[in-house]
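K.L.:
We have chain U; now place chain P onto it with these hints.
Chains U and P, in that order, are what the protein sequence lines are.
Sequential numbering of the first sequence, starting at 1, is according to our numbering.
Sequential numbering of the second sequence, starting at 1, is according to our numbering.
Below, simulated BS3-like cross-link-like pairs (lysine-lysine); rule was C-alpha separation at most 25 angstroms, straight line:
#, chain 1, residue 1, chain 2, residue 2
1, U, Lys5, P, Lys46
2, U, Lys7, P, Lys27
3, U, Lys79, U, Lys64
4, U, Lys43, P, Lys53
5, P, Lys19, U, Lys7
6, P, Lys27, U, Lys64
7, P, Lys15, U, Lys7
8, P, Lys27, U, Lys10
9, U, Lys10, P, Lys15
Calculated directly from the structure, the hints in this document are not laboratory data.
Being a predicted model, the structure only gives us computed values, none of them experimental.
Given next are the chains, with one letter for each unit.
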Amino acid sequence: MEDDKYKELKEAIKQVRELNIEQLLRLTNMVDDIINSNNTDEKYISFVFDHLLSISFVDFNLLKEVYIKLVNYVRLFNKELADAYWNFFIEDFELDEEIKVLDKK
Amino acid sequence: MLSEAVKHYGEGIIKEYSKRITEDLGKGYTQSRLRYFRRFYDVFSKCPTLSDKLSFSHYCEIIWNNDFNKINYYIQITVNHNLSVKQLRQRIRSNEYERLDEKTRNKLINKDRKSVIDFVKNCIIIKNININRSF
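Looking at chain U on its own, in the form it has when it is part of the complex (with noise of 0.2 angstroms):
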C-alpha cells in the first residue's frame, strides 16, 4: 500500500519534472540575456529569481548554476538584492552547512 502510494508520487514527480526542464531552459536564456545586456532592473532580476526558485523536482546541480550565476552577477551592483536572494535558495533548499561555507569564501 505504503510503496504504491510512493510508486504514484514518483510518478507525478516525473511528469512535473519534464514540464519544468522546459521552464529552467527559458529562465537559463532569460539569465543569459540579463547578464549579456548588463540588465540592472531590480524588478525584472527579481522576477527571474522568483520564478527560479519556484521550479521544482528538475535536475537541482543545473538549477543551482543557473541561480548562482545570477546571484554572482548581481552581487556586483547590488549586494543586498543578491544576499537576500542566495538566503532565500539556502532555505528553500535546506541546502548543507558545505554549500554555506563554500558561498563565504
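P.N.:
Below, chain P alone, put in the same frame as chain U:
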C-alpha cells in the same frame, strides 16, 4: 497524494519520501519542498483564490497562515503592486495585514470599495492637507 499518505502514515512519511525520491531521482526533493506542496494543496482546496500572476515561491510565503482572509489579502496586494517575493516577505514581516484597522479589513473581506484613508494610519495628516488647501 502526499496529504493522503500523511493521513495514513503520519508526518514521518514526508521524511521517508524525501529520502527515497532523493535516492531515486537526485537532489532537490527536500522535506520542506514536499511540505510546501502538501500545504499548497491543503490550503487551496479550501480557499480556491489562486492567481496565475503569482509564482509558486510567492505562495510558499503565504500558505502557512491559517487565516484565509489574510492569505487573500497578500495575494491581492502582490497582484496589485506586482510584488517580488522579497517585497512580499517584507510586508508579511511588518505585519501589514494585522496593522489594518478592523473596518478596512472588513472592507477587504467583503470586497467593498476602498479609499486611500483606509490604508493610512494617521488620517489627521490628510485631513490637515485638505484644510490648508481650502484656505
